[in-house]
Structure formats: structure tokens, C-alpha cells
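J.: Top to bottom, those sequences are chains A and B. As numbered in my numbering, residues 13 to 235 make up the first sequence, in order. As numbered in my numbering, residues 13 to 235 make up the second sequence, in order.
Treat the hints as calculated values from the structure; they're not laboratory data. Worth double-checking, as some hints may not be accurate.
You can't tell identical chains apart in this list, so a pair holds if it fits in one copy or across any two.
[As the list claims (entries may be wrong)] Heads up, simulated SDA-like pairs for lysine to any residue below, C-alpha to C-alpha not over 25 Å straight-line: (1) 165 / 87; (2) 103 / 23; (3) 165 / 71; (4) 165 / 121.
Below are the chains, spelled out letter by letter.
Protein chains: 2
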Amino acid sequence: MSTAPNAPLTLAAIFAMCPALPPLSSLALRNQVFTHRSYAARPTNVFEDNPSNPTVDNESLEHLGDSVVNLIATLHIQALYPHLHVGPASKIRALVVANSHLASFAQHYLLHYHLRGNMSQQLTLQASFPIHADLFEAYVGALFQEQGLEPVKEWLSAVLTPSIRLAYQVIYHAYGGPPPSALASSIFPSEVPSNVPPVSPPLPVTDDSGCTSLLNQHFARQH
Amino acid sequence: MSTAPNAPLTLAAIFAMCPALPPLSSLALRNQVFTHRSYAARPTNVFEDNPSNPTVDNESLEHLGDSVVNLIATLHIQALYPHLHVGPASKIRALVVANSHLASFAQHYLLHYHLRGNMSQQLTLQASFPIHADLFEAYVGALFQEQGLEPVKEWLSAVLTPSIRLAYQVIYHAYGGPPPSALASSIFPSEVPSNVPPVSPPLPVTDDSGCTSLLNQHFARQH
Numbered sequence: 013m014s015t016a017p018n019a020p021l022t023l024a025a026i027f028a029m030c031p032a033l034p035p036l037s038s039l040a041l042r043n044q045v046f047t048h049r050s051y052a053a054r055p056t057n058v059f060e061d062n063p064s065n066p067t068v069d070n071e072s073l074e075h076l077g078d079s080v081v082n083l084i085a086t087l088h089i090q091a092l093y094p095h096l097h098v099g100p101a102s103k104i105r106a107l108v109v110a111n112s113h114l115a116s117f118a119q120h121y122l123l124h125y126h127l128r129g130n131m132s133q134q135l136t137l138q139a140s141f142p143i144h145a146d147l148f149e150a151y152v153g154a155l156f157q158e159q160g161l162e163p164v165k166e167w168l169s170a171v172l173t174p175s176i177r178l179a180y181q182v183i184y185h186a187y188g189g190p191p192p193s194a195l196a197s198s199i200f201p202s203e204v205p206s207n208v209p210p211v212s213p214p215l216p217v218t219d220d221s222g223c224t225s226l227l228n229q230h231f232a233r234q235h
Numbered sequence: 013m014s015t016a017p018n019a020p021l022t023l024a025a026i027f028a029m030c031p032a033l034p035p036l037s038s039l040a041l042r043n044q045v046f047t048h049r050s051y052a053a054r055p056t057n058v059f060e061d062n063p064s065n066p067t068v069d070n071e072s073l074e075h076l077g078d079s080v081v082n083l084i085a086t087l088h089i090q091a092l093y094p095h096l097h098v099g100p101a102s103k104i105r106a107l108v109v110a111n112s113h114l115a116s117f118a119q120h121y122l123l124h125y126h127l128r129g130n131m132s133q134q135l136t137l138q139a140s141f142p143i144h145a146d147l148f149e150a151y152v153g154a155l156f157q158e159q160g161l162e163p164v165k166e167w168l169s170a171v172l173t174p175s176i177r178l179a180y181q182v183i184y185h186a187y188g189g190p191p192p193s194a195l196a197s198s199i200f201p202s203e204v205p206s207n208v209p210p211v212s213p214p215l216p217v218t219d220d221s222g223c224t225s226l227l228n229q230h231f232a233r234q235h
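Only chain A is shown next, with the shape it has when bound in the complex (with noise of 0.2 Å):
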């Protein structure tokens, strides 16, 4: 997908260069990416679930993402600057694969809009910065046991190209390169991950968003 040369970036711009969001064939794995641990209400701090009665939540999807991620961003990050030291390398990819960062990829696709769990807590399953990063991780974890690493990277490294690229002028500054670009600053302000949206949560009214979306718009302007 082509910008217009010199245009304005905004995060906006950046997701529009997104790839579309691979589909999940397997309808038992789009159900456990999309419950939330909340939803069966289990005890915690268990060790093991009794193979009679497993959990179904996102949880160790979740898991398992998080290590498909980091090596993704891994191997791209090398891909994109072969000749980059580790440790710039490895402040780079912390900011990339931040909370804060993946939650609002998780936001673009509108993942959360489809996010079930306990009833209560439906307002913060929408505006949750860690749950929405989760569901992403559940995402990514679900498509490569379904389809393999190979179509997994091709996607997620297009995803996070332009991320790359922005983290790389924060960094480069921080070892006594040029000053990065307004957008690289407003994106990734710090060289250290933050926990701090870079966006607020997006809670628009959609076709496809739902009684319980309302709901929550509802509550949120109560407040």
C-alpha cells in the first residue's frame, strides 16, 4: 500500500499501512482467542486443569504469542538493520512490542470489540491497555499453531515495519544520533517502554461493535 510522499504520519497512517488481518479458520481457536480468563471465572494460582475439564481462555494463547512476537520483531529488526549492535537491537524491539504499543494493533483490528468475559467487567475489558496487548499476543499465538511460523512473520512483520522504523530514529538518538521525527517522538516519547498509551482507547460506535459497546459508552460518559 502506497502514502503520498511527505504526508503527514499519524498513528492513523501507520495503521493504514497494515496488512489485513489474517483469518482464523478454526472456530474452537477464535473462541478461546476471544475469552477472556474472566469469562469461566476460575480460581487462580492453579497449577493444572483437570484434562475432564479444561480451561478455554485466550491465557496460554496468549503465552505462546508472546514468544512468536518477540521473535518475529527479533528476526525483522535484524532483517531491516543487519549491522545494528544487540543492545540497541534489544531497546528497540522493547518499545515495539510494548503493552502499550501492541494493544493499540489489537485496537486497529478491532479485536476487543469481539472480547467476551465476566459481565461485570465489560467496561474494563474495553478500555484495558494489557488486555487488549493479550488479545493480540491470543491472536498471533492462535494463527501460527493453526497455519505455521512462515505466514505469521510475513504478516506481522509488514505490521510492525513502520514501528520499527520509528523506534529506530528514538534510539539512534539516544546514542548520539540526529533527533528523531515529531512522529517517532509521539509514538515511542520515551527510549524506555511505557505502560502509557500512546492513543486513547478507541470506543466509536460500529456496525459490528455491538449492545455491549453502547453499554459501555453508556457507563463511560456517567463517569
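Given chain A's structure and the hints, the job is docking chain B onto it.
T.: Below, chain B alone, put in the same frame as chain A:
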């Protein structure tokens, strides 16, 4: 490879279950894996190499290999224990991929015998567990680069299986399960990863250990 039923297991017995090390075809990759950063003695805190004069040491392969080991350990723990919750799965992985544990596989495969670095640091290179863990990860990174995920996954999953089973016992005990076996406790004495190695670094005389190793043993005896 089979072991006698009820045979007393030791770390050596775990090593006996390790499959052979898959060879690296590329001479350039082999050279890179076995070159410690002290060999070129470059300044630290560098952002990026000049493309016309790249660093050829194992740091970027180690950085890649670290992500590959992490992904394969995550996948194999989930394959062996599909009903494990994420908290204990993370703890088992932390034990298995700890530097102190990965270093022992570098030593089993005698990778450290082939490591070249600054002459004045040969003794450190031959005895340092973090350097041996990095070397193992660099080898995994190079294999991944040359052969892709599947062959590395097949080999490394077999390497890590006994360790995962022992770490499972240790972490299960921390969640109220039965006490771990004597072997599990001796290899993973704590449920928190340790930087203290489970075994002393071997410095044996073998046909392929070469002159450097003999010299190191000589120096070691002086202290």
C-alpha cells in the same frame, strides 16, 4: 536412545539422552558462532557497524537464538503438559532456559572448546557459564537461520524434554504437589532460576580439546 528402567539418573544421564548436535553447513555461520566479541575487541556502546566493516562475532546470533530457545521451550512445555496454567508454565520455562542450565548443554556438546576470543581471556571463555549459555543460544540461532524452525524444534525439544520433566516436578511441589525427585532437586535446587551452575565446568583432556584447553587446565591448577 534407551536407558535402563529405574536406572539412577544424573545430569550425565540427561546428556546421554541428548540427540546428536545437528551440524551447521555454512562455514561463515560456524565462524560467527564460535567468535566471542572479545576476539575483535571492538569498542562497546556502539549503535551500528559500518556496513563495509561489519563485526563478525556471535552476539547477534545469540540475540536471535535466545528468542528461538524461548519459543521452542514454550511450545514443548505446552505439548508435554497441555493443561498447565500459564503461571507455572512460565516458571518451568525460566528454570529450563536459565543461563546456568543452557550452559551445561554447551559443555555437553563441547561447543566451548571451539570458541575463539581475545588470547588474554581464554581462561574466562573456557570457564564462564554466561558465555557458554550465549554460545549455545548462538548455535541455535545459526541453525535456525540455516534450516528454519522445524528441524531446530525437533532437535531442541528432545534436548529439553528431560529438563522440562524435572522442572515440572520442582514447580508442582511449589503449588502443593508431592516433593520432587532427588535428581530434580539436585538439578533445579530452587524454583527460582539460579546463576550458580548445577555442575562444575568440565575441562577434560580429549583429542579435540586442543592446546588452549590444556593450557587452561595448567593455569587452573596454578590457582
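J.: Hints first: check each against the structure and report whether it holds.
T.: Here is how each hint holds up against the structure:
1. 165 / 87: Cα proximity of residue 165 and residue 87: in one copy and across copies (9 Å, 17 Å).
2. 103 / 23: Within one copy only: 20 Å inside a chain, 36 Å across chains, cut-off 25 Å.
3. 165 / 71: both (21 Å within a copy, 22 Å between copies)
4. 165 / 121: within (17 Å within a copy, 31 Å between copies)
No hint from the list above goes unmet by this structure.
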